[in-house]
Amino acid sequence: MRLTRLLGTLLAATLLALTGCSPDTTPPTVTISSPQDGAIVNTSQVTVQGTAQDNTRVVRLTYQLNGGPEQEVSITPAASVPFTFSVTLQEGANNLVLSAYDNGWNKGTVNLSITYDPAATHTLSIKVVSENAGSAVDGSTLRLYKDGTLIASALSGSDGSFTFQGLPRGVYRLEAQKPGMAGSVMEGIRVPEMASVTLVQKPAFDATATTTPPTLIITQDGTQPLEGQTFTNTIPFRVQVDTSKDYVRPMRYIYVALGRTPGSAFVTNSATWSRRIFTDTEDTGAQALSGSNVAGFGSASGETVYLEVVAYDFNQNRSHYLVPLTFVNTNPNQGNTVSAPTGVAATAITLTRAVGFYDVKAPAKLTVPVAKGEVGELTLDPEAAPAGSNLYVEVRWCYSSANPTPFAFDIERSTDGVNWERVGTIGGSRSASCPSNPFNRPFYFRDASPDLTPGQTYYYRVVARGANRAESAPSATTPLPPFFAPLVSPADESTGVSLTPDFTLGHPQLSIGADGAAYNLVLWDTLTGDSVAWQTLAGYNLLVEFGTPDNDIPDGEAVVYGYHPGLGDLAIFTDTAGVYDPSKPNLIPVDVTQGTVTLPYNFDGLAQLPALQALRTYAWQLYVSYAYKYNPEEGYRISAYSVQTWPNTAAPFRISRTETQVFDFTTGQ
Amino acid sequence: MKALRLTLALGLAALLGACSQPPAQTRSPTTPGVTVTSEGVRHFQGQVVVGYQDEAALQEAIKKLGAKELARIPELKAALLQVPGDALKASRALRGAKGVRYAEPHLAQATPPKDDPVEAHRGRSDSLSPLANPADQILDALPQYALDPRHLDAKRAWDLGFEGEGVTVAIIDDPADVTHPDLAANWAGKAYDPVSNTVFTDPAAWVDFATANDPANTYHGTFVASTVSAPRDGQGIAGLAPKTKFLPVAIFQPGYVGDFYVARGIVWAVNNGAQVLNNSWGGLGYGNLVKEAFDYALANGVVVVASAGNSSKDEVRTPAGYPGLIASVAADGNRNKTDFSTYGRHVSSAAPGLDVLLANPTWLGGGYGLISGTSFSGPYTAAAAALVKAACPQATPYQVRRALEATTWEKSFSREKGWGHLNAGNLADLLRQGCAALPPKGSVVRVKVEYFNENGLFPGLLADVILRGKGLRPGDATDPTPVYWARTDLNGEAWFYEIAPGEYDIYVAGADLALTGGLPEERGTFVGTLVATSGSHAANPDFKLVRLNAAEVNLNPTDPYEPNDDPSQATPIAYGTLTQLAYIFGQPRDVDFFTFTGTAGDQIRARVYAKSSLGGTLDSYLFLLDAAGNLLAENDDLVPGQITDSEIAFTLPASSTYYLVVTSYTIASNPTASDDSPFNKYRLELVKTN
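Residue numbers (my numbering), protein chains in the order written: chain A, 31 to 699; chain B, 140 to 829.
Simulated from the structure, these hints should not be mistaken for lab results. Just so you know, not all the hints are guaranteed correct.
Claimed, not checked - In the DSBU-like style, the derived pairs of lysine-lysine whose C-alpha atoms are separated by at most 35 Å in a straight line are:
hint	chain 1	residue 1	chain 2	residue 2
1	A	K614	B	K580
2	B	K329	B	K587
3	B	K216	B	K294
4	B	K587	B	K237
5	A	K176	A	K137
6	A	K275	B	K294
Unchecked claim - Computed far set for chain B versus chain A, every beta-carbon distance over 12 Å:
hint	residue
7	E214
8	Y646
9	S751
C-beta atoms are modelled at their ideal positions from N, C-alpha and C, and glycine is treated no differently.
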């Protein structure tokens with residue numbers, strides 16, 4: 031025992047002695063927290079901050095600017111030494127060398143390149159979204175390159191945005207990376223012409239695969255350059271994936287468009303403008319943009335327009351290239367004297383469950399330089415497009431065939447009805463048709479800007495452009511948040527359910543600021559049967575409105591109504607205040623406080639049987655469910671929808687959202 | 140303003156309503172010859188499937204319907220008949236007929252692949268040489284994330300010697316391309332057209348058949364076959380069971396051929412050596428015939444895999460929901476459920492079903508393409524089942540299912556993915572331990588239902604039988620306790636093949652009132668318990684006899700107004716009267732006359748209450764005639780497609796005698812058809828509304 035302890039003491043002493051005698055050969059390290067290596071600044075005075083560290087202690091710190099003599103930085107010697115000092119840069123490139131010394135004359139150095147550009151006063155606002163019209167991506171690492179040099183990096187904020195400041199004029203490349211997400215890159219960002227850009231970063235198909243976006247070679251024909259060239263009416267192009275670089279095969283899509291960021295046809299195409307799409311290929315071959323691909327862009331004398339290419343590889347890694355060129359458009363409609371578009375109706379559509387659109391609508395500011403900082407600029411809002419949902423505004427209008435055809439329609443947006451910002455341009459056209467239903471009007475544009483925010487009122491107008499500009503009257507819409515009406519009872523997989531059950535669902539109309547909601551309930555008898563046991567109102571929607579200022583129903587009261595095909599007429603089922611029916615019917619009870627509505631089985635007399643069958647399993651679901659908002663200023667037109675469930679691609683939504691709760695239940699004896 | 144707004148809203152409501160109906164199941168058919176009934180039953184026009192007990196019963200049914208026999212499946216005692224007039228109505232006319240086990244329209248509720256947006260054909264992928272793809276995704280020549288070690292982990296299974304050798308997998312789908320260079324080597328040598336009952340052995344002849352009708356929409360089966368059986372041959376891709384043989388059965392040509400031919404195809408596949416059936420198709424609604432065909436497969440030890448569906452919903456679709464089938468959820472590249480996949484308590488497991496790279500038919504350019512759907516997670520599951528069957532040919536379908544479920548990545552149950560994402564490597568580790576290490580066998584349950592009352596004992600036809608596992612936690616998304624549904628045939632038997640052993644609550648309720656039109660209290664119910672024992676089998680099932688104290692189904696009711704078959708016999712009916720229960724019954728083409736006297740200017744409303752309001756089988760038809768027998772008005776359905784009862788509102792032109800004539804739609808619409816059922820009941824009401 032004693033021997034052991036002795037031995038231990040001896041060993042400890044030996045170790046100490048060895049340590050004490052060994053020469054220190056470990057040099058200090060210097061870490062600079064600011065400015066970033068490669069940074070570009072717009073003031074000559076720069077504060078350098080960082081930390082020097084050593085295994086013993088740092089005793090001296092110096093810097094050399096542009097090869098000049100070593101300058102002492104005053105420090106208190108320690109193992110870890112924070113430092114701050116200022117230097118005065120020369121205009122242009124600067125090289126700063128920091129050196130730290132320890133007691134053993136070991137020296138650690140670090141180099142820092144900084145460019146001083148007095149004209150580097152521009153900003154670039156970034157917004158990262160998960161898809162077109164989709165929600166923000168936060169915490170994504172953004173890297174900004176200029177001329178191949180990383181000049182700044184940052185994380186996107188909780189709203190998916192970040193603004194780089196103090197940038198010099200130039201052409202930039204922006205990359206985004208985040209664990210679990212695919213990589214995304216935007217090449218050819220022009221500062222200051224493009225003051226804000228949207229970067230789409232989709233979830234990775236396979237989070238373990240590479241997140242390097244494909245590298246594209248964009249030419250006229252495989253050899254002739256495209257960028258900076260002049261084209262008349264037709265733009266030849268060929269897009270090839272550089273197969274010597276990293277990406278994940280097979281390629282999914284290559285989109286090519288003029289004047290707008292191409293993506294899903296649903297969001298980016300319109301009646302008079304279209305993009306090109308190439309599927310499952312690494313080489314588009316020799317192609318050309320013409321006709322509706324270029325409608326509304328360029329001018330007779332030539333105008334700078336961007337050709338935009340977006341490509342997705344198998345892992346959803348995305349490359350977006352902006353290629354400036356001069357486009358001459360000889361379309362004679364530029365000489366027409368045009369009239370104002372009519373029947374403009376803007377309708378916001380929120381899809382509770384996101385679609386997974388490919389790509390984003392690009393602001394028109396990407397195509398034609400628009401001075402940023404002008405009034406009317408929308409602030410980025412953290413509540414834009416709530417997570418997992420889509421939000422876009424569909425603008426539809428007419429343009430009478432009695433008028434000369436415009437060259438282009440510009441779609442403009444405002445938050446005050448006074449200051450307008452162009453959000454898109456499409457080719458001009460005219461039509462004899464102008465249906466009363468706004469959703470059937472011939473011309474349309476879907477604005478999927480990532481900053482559209484529920485609760486904010488937006489005004490839209492359409493400007494016909496020819497020899498003159500003719501502005502339409504504005505139309506307003508206030509987007510709704512996502513809507514979800516939960517099934518309450520009969521509960522999922524419940525048993526002993528009444529043969530004439532009450533179907534209760536949550537009706538969160540008031541909490542999302544809507545004026546009403548439409549439902550269609552379907553009761554399937556398909557577990558042991560083969561048919562529909564009941565579809566409320568034989569497929570016509572049941573409209574439930576709790577009182578709001580805009581639906582003319584008193585606060586705390588409710589009206590439930592719908593078209594009854596048996597009656598061939600409108601039926602008021604519930605009218606708690608007697609607004610429409612003084613007898614105050616209460617066929618469909620509501621609870622305005624709790625936000626529920628209860629549909630008694632067969633309230634409409636349209637079920638297959640007067641009662642359900644004993645000990646049989648049925649399944650119920652909302653086949654249609656959406657909330658809506660009136661616009662009293664525009665004749666009580668419905669100006670916003672929030673869609674939970676829509677069964678098909680018919681108007682008004684033209685996109686099916688079939689995911690819905692399905693509750694099965696078994697009746698009692 | 141208020142009125143204006145309401146009107147506007149109404150206009151929109153009506154518009155939207157029109158758009159929102161009918162439900163998906165009842166959407167307009169896209170297959171020629173397919174029609175949709177008022178109840179939304181999608182079926183082949185004028186075709187009825189009859190399950191018969193013996194030849195005499197079948198011939199009696201043929202005679203009764205004036206039908207022609209089109210085809211027959213002797214193994215299932217089922218025949219397909221062509222009838223004049225409406226199939227649903229004809230099938231109902233057979234209800235209660237002696238020796239008829241069931242009669243149903245020739246159902247076409249399955250969605251053809253070409254009509255499924257999730258599974259849309261995207262064309263082929265060219266030049267797919269690997270680059271950034273990890274080396275472990277290259278199993279053959281092209282990258283296959285689905286098979287890599289982070290997904291199905293195929294190579295680990297193959298390296299251990301489990302490649303499905305000796306197993307035949309039937310691809311019940313559109314005709315798979317047996318000439319594709321990456322499939323030809325593993326074709327079983329036979330392929331089947333169940334419609335013409337033709338077995339093909341010549342590849343060129345099969346391709347001619349496959350491409351005879353809309354080749355652009357015939358691709359699905361080729362993608363599916365390659366999921367299972369593409370060989371490891373250094374070209375293109377590999378299937379998960381690369382040494383299996385595939386056996387094509389063409390049930391989409393490219394429209395759905397109907398339940399009858401599907402059943403015939405299933406039976407053919409079982410009789411021709413298939414040990415696994417892959418069913419990358421489905422729809423909504425219960426169909427006796429297909430369920431019986433799958434029962435035949437299960438009774439023969441054949442594993443049946445079905446895609447859960449692409450409906451995005453937590454719901455039971457068929458055939459995925461039939462007892463004993465393995466329902467597959469589609470997973471994405473991160474092993475999560477895809478947005479579109481159907482899911483629920485009934486699903487077994489998940490497998491890759493998003494953007495999987497598979498073989499494209501030669502008639503569409505050949506090569507390979509990306510495709511998505513539970514249609515592809517299903518065959519990966521079928522392939523995994525084939526690995527088990529190759530190692531342990533005696534494994535029962537339930538053991539195969541449990542072997543797959545017990546070796547997933549997650550090994551825990553959720554409604555989203557069943558027991559989890561398949562892992563063939565883990566499965567191989569289990570198979571290495573020998574067949575004795577397989578999970579315990581499942582159960583086969585036979586429930587026989589009888590109705591009894593003071594008149595005697597009757598077979599419990601058209602009854603619902605539900606087996607609900609004891610301890611089931613309603614709504615709990617992690618509870619794997621099963622529920623099974625089946626319907627008795629006209630013998631009163633419901634079979635549950637290859638289900639989980641254990642204790643069940645059993646719910647039984649008698650004759651479907653939607654068909655018989657009985658009163659709710661006549662249905663008869665039973666609630667009890669049943670124990671399903673591991674190892675019970677078709678020859679010795681767990682048996683339960685259930686006798687329901689149910690009212691006798693009256694097959695010979697009395698119509699108090701008969702005879703009233705012509706104007707001279709017409710029954711008087713006064714304003715404000717509702718008749719007693721009457722029947723369109725007792726002769727092939729019964730027509731009931733009622734008469735009343737009205738004054739010029741009287742506004743009358745005559746309403747027939749029938750199937751939509753009383754139950755029963757009568758889809759009524761009402762005529763209003765003047766004294767001379769001239770037609771003044773007629774009505775089929777109160778609400779087209781919804782309420783099949785009839786109503787006429789009419790202002791009388793003269794003071795005179797009038798006739799109201801009630802019959803059935805079948806009789807009214809077809810001068811030769813008969814509609815003679817004891818369930819054809821109605822009441823007639825006449826009111827003056829001014």
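For the pair supplied as a hint, K275(A) and K294(B), is the alpha-carbon distance within the 35 Å limit? It holds: about 28 Å lies between the C-alpha atoms, which stays within 35 Å.
Mind checking the alpha carbons of K176(A) and K137(A) for me, to see if they're no more than 35 Å apart? holds (32 Å)
For K587(B) and K237(B), compute the direct alpha-carbon distance and say whether it is at most 35 Å. holds (18 Å)
Verify that the Cβ of E214(B) lies farther than 12 Å from every Cβ atom of chain A, and report whether the claim holds or is violated. Answer for E214(B): holds, closest chain A Cβ roughly 23 Å.
Does K216(B) pair with K294(B) here, judged by a C-alpha cut-off of 35 Å? violated (44 Å)
Measuring Cβ to Cβ, find out whether S751(B) lies farther than 12 Å from everything in chain A. S751(B) not clear of chain A: closest Cβ-Cβ about 7 Å, inside 12 Å.
Checking one constraint from the list: CA of K614(A) to CA of K580(B), max 35 Å. Satisfied? violated (62 Å)
Just to be careful, I want the Cα atoms of K329(B) and K587(B) compared with a cutoff of 35 Å; is the pair within it? violated (38 Å)
Confirm or reject the statement that Y646(B) sits farther than 12 Å, beta carbon to beta carbon, from all of chain A. Incorrect as stated: the minimum Cβ-Cβ distance to chain A is 4 Å, not above 12 Å.
Hints 1, 2, 3, 8 and 9 from the list above are not met by this structure, while the remaining hints are.
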